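2 protein chains.
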Amino acid sequence: MEKYSVIGKRLPRLDSIGKVTGDTKYTDDMLLPGMLYGKILRSPYSHARIIKIDTAKAERLPGVRAVITGKDISDIPHGLLRIKGAPPFFRDKYAIAKEKVRYIGDEVAAVAAIDEDIAMDALDLIEVEYEVLPAVFDPIEALKPGAPKVHDKYAETEGNLSTSTNFSFGDIEKGFAESDLVLEDHFEMQFVCHTPLEPHSVIADFSHSGDVTLWLSTQVPFLDQVVVAETLEVPVSRVRVIKPPVGGGFGGKADTHSLFPIAALLSKKSGKPVKIIHTREEELVCTSRRHPVIVDHKTGVKKDGKIMAVESKFITDGGAYMSYGWASIYLHGILQFGPYYLDNYKYDGFRAYTNNPYSGAQRGHGGIQARFVVESMMDMIAEKLNLDPLEIRKKNGLKRGVITKNKFNIRSCGHVESIDKSTEEIGWKDKWKKLPDGKGVGIACNFYCSGGALSFFIDDYPSHSGVNISAEEDGAFTVFTGSSDVGQGSETTCAQIAAETLGVGIDKIKIVAADTGITPVDFGTYSSRVTMFAGNATKNAAIQMKQKLLETAAEALEAHAGDLEAREGKIYVKGSPDKGITVTDTIKTYFRVKKEPLTAHGHYNPPSDIADVVRFDTGEVNLTPAFSFGAYTTEVDVDKETGVVKILKIAAAHDCGFAINPMAVEGQIEGCVSMSLGQAFTEDFRVEQGCSMTNSLLDYKLPTAADMPPVKSIIVESIDTEGPFGAKESSEGPTTPTMPAIANAIYDAIGVRIKTMPITPEKVLRALEKKGGK
Amino acid sequence: MEKYSVIGKRLPRLDSIGKVTGDTKYTDDMLLPGMLYGKILRSPYSHARIIKIDTAKAERLPGVRAVITGKDISDIPHGLLRIKGAPPFFRDKYAIAKEKVRYIGDEVAAVAAIDEDIAMDALDLIEVEYEVLPAVFDPIEALKPGAPKVHDKYAETEGNLSTSTNFSFGDIEKGFAESDLVLEDHFEMQFVCHTPLEPHSVIADFSHSGDVTLWLSTQVPFLDQVVVAETLEVPVSRVRVIKPPVGGGFGGKADTHSLFPIAALLSKKSGKPVKIIHTREEELVCTSRRHPVIVDHKTGVKKDGKIMAVESKFITDGGAYMSYGWASIYLHGILQFGPYYLDNYKYDGFRAYTNNPYSGAQRGHGGIQARFVVESMMDMIAEKLNLDPLEIRKKNGLKRGVITKNKFNIRSCGHVESIDKSTEEIGWKDKWKKLPDGKGVGIACNFYCSGGALSFFIDDYPSHSGVNISAEEDGAFTVFTGSSDVGQGSETTCAQIAAETLGVGIDKIKIVAADTGITPVDFGTYSSRVTMFAGNATKNAAIQMKQKLLETAAEALEAHAGDLEAREGKIYVKGSPDKGITVTDTIKTYFRVKKEPLTAHGHYNPPSDIADVVRFDTGEVNLTPAFSFGAYTTEVDVDKETGVVKILKIAAAHDCGFAINPMAVEGQIEGCVSMSLGQAFTEDFRVEQGCSMTNSLLDYKLPTAADMPPVKSIIVESIDTEGPFGAKESSEGPTTPTMPAIANAIYDAIGVRIKTMPITPEKVLRALEKKGGK
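Chain order of the listed sequences is A and B.
The letter at position 167 of the first sequence is residue 380 when you use the working numbering, and the numbering goes up by one with no holes.
The letter at position 156 of the second sequence is residue 369 when you use the working numbering, and the numbering goes up by one with no holes.
By construction, these hints were calculated from the structure, which means they are not laboratory data.
Possibly wrong hints are sitting among the right ones.
A pair holds if it fits inside one copy or across any two, identical chains being indistinguishable in the list.
Unchecked claim - Result set (SDA-like, lysine to any residue): computed pairs, CA atoms no more than 20 Å apart in a straight line:
(1) 232 x 423
(2) 807 x 757
(3) 612 x 930
(4) 232 x 876
(5) 976 x 384
(6) 968 x 857
(7) 311 x 285
(8) 968 x 667
(9) 808 x 757
On a predicted model such as this, the values are computed, not experimentally measured, just so you know.
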């Protein structure tokens, strides 16, 4: 008999039928009686003071039901509100600008009308008088003294320093002094947009009794609840956020977006439900995006490849607002040195405010940029030292049981296995340095977290993730979870965990998810936390439920509960599956005997490996319960005439601990590859003088299915001791090795090293020219 | 300090703001994307065999998306499905007729189309070939041998006997033999419709994954869930019934109506959500209604008024189907003798199938007809014996602590207090027999149940009522209850009970109610059960929650939990309200210390006074946890020229045990009076040869606000030992005394006794003529 009945299986997702048949209703599909449509007036200037707004004409337009401006917004700026001791600059944005606009697209006013056309017409009738101010668009310029100040009060220090992180451990000077080779280089990466197929969407319904209900396309309903409550100045429990099916988030919908309180305020003022759906232009320009970075990197190594010291400096363009920037700048530094062991490290990260659209968190948050730099450097070092790029990676690699200098507890590690499996799949030993000119292979490794362990929110909330399970008389179980499936399939994962633990088929599990009025608190979908956090909470609830079932069955079977097992819908004495009682009959017996509902609870809080704070001086942080590892190899074919890089194959080995649903893990890996191919080749959110040049999907080029190379997903299972059934993340880490693996393969193919993204044909040709010219 | 902070207060209902502002959205207000509109083809014949149905033309009509007939319906007839050992004739109806139609209005086919007009056009295109059968419309004729048979297989015995109840206790012959007076008489009452302002309404959404969600205007979502599941042949847990706000039910929406599985089947066949809203004609004709009764009644009394024996025979017109008829016929008998003590009793109830529209349960179920008969008889006996009608009622009255012959346990009794307060209010002693000709006063008493104690459903369900409560970090509590507020205000009652128990204001309580996918099982709104059952479940959950709060606060206050009390949002050592901790801070402390969600559960099952069965031979039944009492007096002015009866005042004293919300109790009393004034004077669902003559609110005359006489509601609080804080029912019992009080007052005014309802001017004039003619 197989160890597991439901987990470890390639099961179709619970939401798949709804999605292929069109049953699934997204926020924009929904209609409420009397619903109005909202539109937002946005700043045409990068930086300006709002002198006067006259909404009278707009208000008089027939069909307009409400117009709001910054005056209608509470004086509490919104942001990530619940961070214990968070400095005030963590909250630097009003839902609608109050005094100044800071980028082209900043919210200036909003209108609710009986249809979208009238709402658009009304925007044209709002008269705004601006005093245009000098603006700054380059982060390095922005950090210089005398630069125009984007924020008068929120910057961390004087000037436009949005936030910075500077930490070190070990003895960096000694490390470099003892190195045989010290390599320095410079890297740059671009703005990249989340671009979910479903843009940010909201329906808000403010009732006359003071309660407001919102249907949000969001990753974090419980955080949005707080932001709306604070902006509207109502108690948190008066705000109910319901998360309908979400068509992708990728980190952008982890931001507590201004759109939501705006819709709620329009609803309050009009007395009607209000729907607002971002246009594609708004979705590209007026949401957060991945930080562009400018990196100076320095690594010292021994002759044998052992890393002695790393020093790096990241300067990022934060744009006009903070969003998750404080986390990004920290993660760039903290994720950089894994999957390798480091004794001596110094990191300086600076985030500048500019008058560009703002940056925030995006899938692979902090890891994308870090891995591109480090994995490029690893290959460059290996070449200088004439080492095998696989060996230098293995030699420096973290191992199970290691506790890093900054107290990362490595509970499981598939680093070496990933390298071995990926290289075997790509045929590394026959290809590396052996393919004809123009063809090459490259490798890069992965290191990521499985959710954030810091208890930022715990003071106000009961636990990181809570789950309730109730049993029904036909043998079904309802799992109430506040976790947010935004397309990644986490509800199916939780259902599999519940079914396996309870010993029933997945068809017996119903998920009720993400409704702040109904489901236990869960912080949401970000940092690849859902399988680890909601998965463990589900497992814990199911264990409690199972115990009640076993005790009930024990009486019926005249056995000890400890001697029983539950599997495939039946409870029986271990080893005697023929004699037993069905789970359904056990539930009915419970009801008959106890005459009370049968419910169970579970929750999950991550282990406190170290004190529950971020040490900004040493880089010590209780980052995550579990670290994922992996290694991607790729084979490329570079056309030296055109500069076009063709990806022949990607062999993506990812250590997800244990694959609850291998098909879902593969889907995540493939999605991550596609997304990072976008950043590698075509996705480039370009801003000129603060003005977006990429306002549609014609300009902002997402890879399509036709662009997808063959991807072989290889699941490495290191069985983590903290993850549910050993599982770790597989939704973000797999974004990170693609770009550096390609850059390394291009070097193997044509001997040029691309250190800035994206890799355009022009860039390849120019690099070839430069190399030839030398 | 007052004993209670939240209960016993005249608080506005939680739903009041939504209802007066129009925020409240009923089923018909809701729109789903792609929603279709359903219409039902109904039989034009009272009794006919369906030979052939051709739906081809209807299916070809552009805009039509689904047509269904009886062939699409499972072979499981629907009805109240979960009654342990229920005989097969309890389920005698298919959602759509399969072989025969049995009344004008019976469902023959149904259509879903893109709008209502097309659906109506499609009905015209369905060709049905009928073989018309002989029909029977009179219940007495129907019970005779040789009458046309309405059901071939479901009747209880041969012929058209739908169901009968025959029981007796004591020695009826001896009782009459020992009586000084034996009075016999005959009474008749008419069909009366529920006529909620919101007709039966449904939106059904059958997904391709096999799950179906229904938004129903219903009193019994958990029963509808089962009916839909059985009709559609899917597991019960695959059906989710959500109860939006309901615009009145009055017992009609306790029927598991064919409309709901029809909508679900149309949705399944069309692949789209389907909405069906009854027209007013359908609501009047094609739902259940109060049974018309033909009653022969015989009472034996001693000279002093002591009742020695009662024998009665009820024949009722059940119409074409059973609905709740098996309960009605039992309740007529069982509710008849209370509020009086009886040693010897014999009851024979017969329910006939006819080809009329069908009868079922209606507010005051079984009590309306019984009280009219008994309270009229009491006055007639008092007159014959020259006794005071108040004294004969007091003398025979039940008392707290009495256990009746058929084992009713009278835990509380406000019978005498109600008589005293009502008569004092009306000025009885100065008016009875003392008013000028044409004016008079009358009295009648009440006796009703507070929910059904029989555990019909308990084999499959955990408890009669379950409640979960969860605490939120801003000090709010969410109460999850499966109970169904259909306009009676029960959610406010439960909120008050929770708030009082938890020691917080009602503004801190949020109710999540009646969603089979979310809330614990509760059997619904019928038999006036909600305050007793859901109220006790809420109280029990709140007690558990409070205990957790007190234990948490005890640590913070360095006190013993037992020494603490919670009141008005604060927990403190008894007697020292100045030193304490707020409930909000206690919740936050719990979260911080325990790091887990804070939830509690409660449920309620009624006491098992006697074996959990209906004794059909002795009338013994574990009917209810608590009996309500009451007495109404009324003063009337009869115009002897026109026969018009004017009600000058009604003094309505009702023993509701304890008034959780006096304003809500008064609202119920006033509503009950209005409803029974309807039956007394104007409401008369007339059927001629099976064809309804009253198809609109022009013909079926509901009393309006302008018809309402002054009503003084008098709340009598007997503090029941089983009810939450002593509360009993107040939603049905108060319907029952109005009609007999009026009939008795008319007798006092003009000396004629009306024994059939309604009391039309013609009837009064004819009675006056007859009296004059004597």
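Cross-check of the supplied hints:
For the homomeric pair residue 232 and residue 423, the shortest alpha-carbon distance between copies (14 Å) is at most 20 Å, but the shortest distance inside one copy (35 Å) is not. For the homomeric pair residue 807 and residue 757, the shortest alpha-carbon distances inside one copy (17 Å) and between copies (17 Å) are both at most 20 Å. For the identical chains of this complex, residue 612 and residue 930 are intra-copy neighbours only, at 14 Å inside a copy versus 74 Å across copies, given an alpha-carbon limit of 20 Å. In the homo-oligomer, the alpha carbons of residue 232 and residue 876 lie at most 20 Å apart inside one protomer (17 Å), although the nearest pairing across protomers, at 49 Å, exceeds that limit.
Within a single copy, residue 976 and residue 384 get their C-alpha atoms no closer than 38 Å, and across copies no closer than 108 Å, so neither meets the 20 Å cut-off. In the homo-oligomer, the alpha carbons of residue 968 and residue 857 lie at most 20 Å apart inside one protomer (16 Å), although the nearest pairing across protomers, at 99 Å, exceeds that limit. Taking the shortest alpha-carbon separations for residue 311 and residue 285, only the intra-copy value of 9 Å comes in at or below 20 Å, while the best inter-copy value is 62 Å. Taking CA atoms no more than 20 Å apart as the test, residue 968 paired with residue 667 passes in neither setting, with 33 Å inside one copy and 78 Å between copies.
Taking CA atoms no more than 20 Å apart as the test, residue 808 paired with residue 757 passes in both settings, with 19 Å inside one copy and 17 Å between copies.
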